[in-house]
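A.B. asks: Protein chains in written order, with the working numbering: chain A, 1 to 491; chain B, 1 to 504; chain C, 1 to 491.
Hints were generated in silico from the structure; no laboratory data involved. Treat the hints with care, since some could be wrong.
[Unchecked claim] Listed below are several chain C residues computed to face chain A (Cβ distance under 10 Å; list not exhaustive):
| # | residue |
| --- | --- |
| 1 | Leu-196 |
| 2 | Ile-394 |
| 3 | Ser-426 |
| 4 | Leu-472 |
[Said to hold, decoys possible] Here are the computed lysine-lysine pairs in the DSS-like style, where the Cα-Cα straight-line distance is at most 25 Å:
| # | chain 1 | residue 1 | chain 2 | residue 2 |
| --- | --- | --- | --- | --- |
| 5 | A | Lys-160 | C | Lys-21 |
| 6 | C | Lys-441 | A | Lys-106 |
| 7 | C | Lys-160 | A | Lys-160 |
| 8 | C | Lys-368 | A | Lys-101 |
| 9 | A | Lys-298 | A | Lys-442 |
| 10 | C | Lys-21 | B | Lys-380 |
| 11 | A | Lys-106 | C | Lys-369 |
| 12 | A | Lys-357 | A | Lys-442 |
| 13 | A | Lys-31 | A | Lys-106 |
| 14 | B | Lys-198 | B | Lys-100 |
| 15 | C | Lys-441 | A | Lys-100 |
| 16 | A | Lys-100 | A | Lys-452 |
| 17 | B | Lys-441 | C | Lys-160 |
| 18 | C | Lys-160 | A | Lys-106 |
| 19 | C | Lys-441 | A | Lys-30 |
| 20 | B | Lys-469 | B | Lys-103 |
| 21 | A | Lys-298 | A | Lys-368 |
| 22 | C | Lys-441 | C | Lys-369 |
| 23 | B | Lys-110 | B | Lys-100 |
All C-beta atoms, glycine included, are put in the ideal place defined by N, C-alpha and C.
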Amino acid sequence: MKAGILLLNMCFPVLAGLMMLQGKREYTGKKLARRSLAAMVIAACFLVWNLTGDPLSLHLCSLGKDLPVYFHVDAIGKLFASVVTLVWILAICFAGEYMKKEQDQKRFFGFFLIVYGVLMGLCYAGNLITFYLFYEMMTLTTVPLVLHTRTREAITAGMKYLLYSLSGAYLVLFSTYMLNRYTTSLDFTPGGTLDLAAAEGHTTLILVCACLMILGFGVKAGMFPMHGWLSTAHPVAPAPASAVLSGVIVKMGVLGAIRVVYEIIGPEVIRGTWVQTVWLTLSLITVFMGSMLAYREKILKKRLAYSTVSQISYILFGLALLQPQALTGSLLHVVFHACIKSCLFLCAGAVIFCTGKTRTDQLTGIGKEMPVTIWCYTIASLALTGIPPASGFISKWYLAEGALSSGTSVFAVLGPVVLLISALLTAGYLLPVSMKGFLPGKEFDYAHLIRKEANLAMLIPVSMLSLLALLLGIFCGPLVQYVEKIVEVML
Amino acid sequence: MAFVQNVPFFSIILSMFSGIVSSVLPEKQAKWLNTAVITLVGAMSAWLLSYLLEVGGSFTFMMGHFPAPWGNEIRAGALEALMALIFSIIMLLSLLGGRKKLKDEVEITKHNIYYILTDLLLSSLLALIYTNDLFTAYVFVEINTISACGLIMIRQNGRTIEAAVRYMIMSLLGSGLLLMGICMLYDLTGHLLMSNIKESVQQIMAEGSYRVPMLITIGLITVGLSIKSALFPFHAWLPDAYGYSTVSSAAMLSSLVSKGYIFLLIKIFYRVIGIDIIRNSNILNVLFVFGLCAMIFGSVSAIWENDIRRMISFSSVAQIGYIYMGFGLGTEAGMVASVFHILMHAATKSMLFISAIGLTDVSNGSRHFAELTGSGYRNKIAGIGFTVGSLSMVGIPCFAGFVSKILFAQAAVANNAPVKIFPTVIVLAISTILNAVYFLKTVIRIYVPEDPAFEKQQGYLFFQISRQKLYGLTIICFIALNLVLGMMSQPIVHIIEIGLQNFS
Amino acid sequence: MSQYWMTVAILLPIIGGILVKVIPFPNQKIMKIYLECVMVVTSLLVFLLAWNRPEGTLEVVHFMQGLSISFRIDGMSMVFSVLIAVLWPLAMLYSFEYMEREQHQRVFFLFYSVTYGVTLGIAYASDMLSMYFFYELLTLVTVPLIMHSLSRQAIHATRKYLYYSLGGAAFALIGIVFLMVYGSQLDFVLGGVLDLAKAGEKKQVLLVVYLIACLGFGVKAAMFPMGSWLPDAGVAPTPVTALLHAVAVVKAGVFAIIRLTYYSFGTDFLRGTWVQAVVMALAMFSVVYGCTRAVMERHIKRRLAYSTISNLSYIIFSAMIMTPLGLVGALTHMVCHAVMKICSFLCAGAIMHQTGKTFIDDLNGYAKKMPVVFGCFLVSALGLMGVPGLAGFISKWNIAQAAVDSGRVQAYLGIGCLLISAFLTSIYMMSIVFRAYFPGKEFHYEELGEIRDPSWRMCVPLVLFAAGVAGLGLGSAPLVRFFTDVANGLY
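Full structure from sequences and hints, please.
C.D. replies: Put into structure tokens, the structure is as follows:
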């Protein structure tokens, strides 16, 4: 029974999406939106069912000899799955209104649902093969979302996204081939499954594989130097898609890194080696670089995309430290950033939808035109910057603490410094929009002001997300406890 | 002394006699006599072969009552009988296949002469095969040359006369060198009978005297016969001679005449000088290199040709190179391969010439490739014959050419000197590719259908089998012969091996 | 089952094909039904023979000492013969509709049928010489097929094919002759037939000879630099390119290389020598070269031809690992690639047949008009890229496992080449898919005109092959087990 629900959690959205794609008649946008929302709610119910109860395993089938498709619902999986579902429901609600101005809505909603199902599969994946299977599927099914508008720019961005993602996937595959020989099994087991006897004498090879894995997943997570696709792909997608791409899908790269480093290779293998150093360096570079690029970027959605690049590398930095508090901080930031970034993107989407303005220099006085939206934006920005008591502060605190007590010589100090600088930059690139928006200055044309507030369907998700960004920080207790339990098992 | 042992003598005499008689007979009877004699010779050779295989060994037949060392001797073994048999079959088929063309191209009054020449050619070939003394050999070499020239010239136009003259000059040069060699040999050894000469030569070489003259003698004889058999670089006369004469002549010349000289050379190597001495000298290495060059050069020249018959003639140059390469390998296996190749080439080349003439006939007599497009459909039997011949030349398994290629390759590989293995196999492979280029290119061309309107405009005739039954029958016999050599080569190779063992 | 059935299986399509020209059929339809029946009956016979293997060798024709044409069914024969038996009837069905507008149909079908018999001859050959005979014959009977359109380009391509193939076979013959002298027999025995006492003294010579023979067979297997005939052969009608130059002819080439390596010279003799390194390096180079040229090529069939060159070298690379696992990998890819490539080529043919377009740049938007064709093309593209769940992933996995297991560093680099190739494959295949499905915002679908999917005779094979790609991706375990048995000498 439980196995059935597990499968349904994954298959139902996929089937619903496929049915939507195949539907011959041109559905009106409203119908599509309502149906999608209904499907999501049902799927969410399945999820909730899965979350309660003991951990569940399911061996579905085998792709070939030694290639089992295996699902295992553990604590991390549940965490990621919940975040995904939450963001997804809100995004679909938003999309119902937003997509009124776009064409090919059938395709959009269809793939939107399918991607959700695939992501569920990814979260529940119990071994590396299953993870890789769903990872590839995720790449393939998100491409239509990226190039949805079918402008020249979008199609190029879609191709770029596809190729970057595939190259990352192939790096992962290469390492998988190697690790298959040197591990006892490819199932995700906390502490790693490395067969030490077989690995004897092949340490360099295993370290190289670990590095390639990290780089491979780092492509999806936008780590330098593989971040190039993010700033082209995320902005060009329709806003709801951008929200989930930035908020959730990049987290799958993070999930991959966690699974591989902590549950296949094992943290002890790479602790203190050049692999860890490289990882730490690259993530710090990305943190800084992402913020810098965001600061200089004028197009709002692109700015938010660069922000994602930077923020995800916070998470990666925390993972690389291989330290309990840092890991706690990373996982917390996964949740928080998901909420915050989705909120920010949806706000940007609302602005585009209501006013058509895309550049930050056009946004003077936007706060007067769309107050609620911009208030939500502001709250989310504050959270991201790390102002207490908003959520971002909690995760950054844990990260900094973890860095200081991590035992890595340079990074212990360098880490928090970079984080701090980046926080300043974050404020610098996010807050001016709010400030200019609410306080446009003397030259603003107050006479011709029209209030173009967003629709309720759009406002609800945005406000809910921003509230979450705030409240999760204030009432972080239960969440932190949950995460700390996970971390205990891992490390 | 069994009656069958008279066969060699009868064969030679019969052909000579029929030649003389043909001069007074009307054309039709001459033709019948000719055909009958060749068939009879073939049958007798077959009988002799079966006898020799049963009895084993070879026998000598004294001509006249002059004993050695003054008289003439004939010697027959399994190898000689086999050669005689195959040669007569091919001569018969060549004549039958080219009969209609003969009618078209040569005046009716000259036909007699043609048949006389053919009979003389047969007799001289048989003599070269069977003789056991050098002087007779030389005499019949000359007769061979003259009849060959006549055969070229029988079709009188400017080209053939020029070709015949060129042929004569080169041939006589070769004969001259041969004669000088024979004279020197006689001088050194004092004998003309081959077996006697051999004993002398062994003695001379053992003593170590006359080393240099011996070497020069061998050299002269070899070069002389090489010129006559068109080994590179003495091949210049060949394409013209084969290219322009009437088709039966071309078939016979390419298949038989040059092979007769090669056979004589083999005989001299084995029976006169002694194969061991030859192997110790460097003459074989020289032949080897020239053989390889011929293989490449002949094929390359064939690729550049635009005239189908000249192309086939250049192919002959390459094939003769194969034979000399086989000699050059210096092993028994190499010799066997060369002899088999003689037979294979005789069978295939004549088929190619006869088929080619069929194809050109339905293209208004033009021999240029552009006009031959689609001729495979206009003359189906010639097309098939040409295809089979080409596939054999390229070396597709099941056809005769493959067997000889394998024999050469095996002989090369089993050879202990690695310096000869790789050049041989690589040149064999390259030669296959080159053969494929020009032969299969032509096969493709003749099977690309031509626009029917164009065909009508050009006035191309279509071949009708009912009118030329003999031609069709000839081609079918050739194909059968090729397939027999290809698929049932084992007994033939066996005979050659036995024959060579008893040859010296 | 009696041994004579092998001869029947080979002769049936040959005679059946010749009869096509001879029998005066009242109309085309009856001729086609007759042909399809011949194909199906032969295939059924082949399946029966594989199921109920006759023991021992059947000598059909005896040439001379030690040289004969004989047949025997061993493991490799079963794999190859069943593969082509599955593909030929479907390809014939496809060609019925495709060739409807062509001339000289009878000659075409005659040689198409005869080629089937000849290829079976290669599969059933029990020794090197028999295989060589059918190998040469294969070259000859495929000549009229390539030449079919009789255009200048076709004749030029035919000549190139002919010279290359015959040249390759001529060099391979050198190897055969050496085997005759230095081997105990010419028969195929797993582990090789070299007389080690004799061969030991001449090892270097024999290694050079092996290289020559391998390169000779490598002409048909389109290894760099001898493979340039393959793209030119794309000028032939699609059923020819698809079946012959993606499946039968080129697979005969790799089949011959495998026979030469594993069953004639023997892997114990060759493993660890410089020859293994050289041929493996050439294969690796071809893998990358083929894909690179494919990316640059704009003509559909030429692009797929270069893809074939690359994929064939996967098989050769795997075979060069010279372990049983390597053989398993080679056989897996032989089968998987055959199905994927024939699917792609037939799709390309369907596109050319329905739209008349031959260049990639003209394919914008056609996916909407021809959903079945492009759907199958998408499946085959994903398969070639190595997406899990489809055939390509399985075969790449098996090859990688063999490479990792061998422990050779060159093999690891080989895996890298495979993945680079996978990446390039995604570029050149997905660019077609993108164009077809997402043509650009301003694209007017009306420009395409009245284009539809082809009739069932072309669509059914396409769909079946696409299903095959998926089926092999999900259910390859029994097949791989069978290959492992073959590689370990159980058949």
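A.B. asks: Would the stated hint for C/Leu-196 survive a check requiring a Cβ distance to chain A of less than 10 Å?
C.D. replies: violated, 32 Å
A.B. asks: Given the proposed pairing of A/Lys-160 with C/Lys-21, does the C-alpha separation stay at or below 25 Å?
C.D. replies: Roughly 54 Å separates the two Cα atoms, so the pair is violated.
A.B. asks: With a cut-off of 25 Å on the C-alpha distance, tell me whether A/Lys-357 and A/Lys-442 pass.
C.D. replies: Roughly 21 Å between the alpha carbons, so the hint for A/Lys-357 and A/Lys-442 holds.
A.B. asks: Should the hint that C/Ser-426 touches chain A count as held when the rule is a Cβ pair under 10 Å?
C.D. replies: For C/Ser-426, the interface hint holds, since the closest Cβ of chain A sits about 5 Å away, which is under 10 Å.
A.B. asks: Hint check: is the beta carbon of C/Ile-394 less than 10 Å from a beta carbon of chain A?
C.D. replies: holds, 5 Å
A.B. asks: Does C/Lys-369 sit within 25 Å of A/Lys-106, going by the straight-line distance between their CA atoms?
C.D. replies: At roughly 18 Å apart (the allowed maximum being 25 Å), C/Lys-369 and A/Lys-106 satisfy the hint.
A.B. asks: Between C/Lys-441 and A/Lys-30, is the straight-line Cα distance small enough, at 25 Å or below?
C.D. replies: Cα-Cα ~23 Å, so holds.
A.B. asks: Run the distance test for A/Lys-298 versus A/Lys-442: straight-line Cα separation, threshold 25 Å.
C.D. replies: Satisfied, since the Cα-Cα distance of roughly 22 Å is no more than 25 Å.
A.B. asks: Does A/Lys-100 lie within 25 Å of C/Lys-441 when you go C-alpha to C-alpha?
C.D. replies: holds, 17 Å
A.B. asks: Hint check: C/Lys-21 vs B/Lys-380, CA-CA at most 25 Å. Holds or violated?
C.D. replies: holds, 15 Å
A.B. asks: Do the alpha carbons of C/Lys-441 and C/Lys-369 lie within 25 Å of each other, as the hint requires?
C.D. replies: With Cα atoms ~17 Å apart, C/Lys-441 and C/Lys-369 stay inside 25 Å; holds.
A.B. asks: Can the hint on C/Leu-472 be confirmed by a CB-to-CB distance to chain A that is less than 10 Å?
C.D. replies: Hint on C/Leu-472: holds, closest Cβ of chain A at ~9 Å, below 10 Å.
When the structure is compared with the earlier hints, violations turn up for hints 1, 5, 7, 14 and 18 and for no others.
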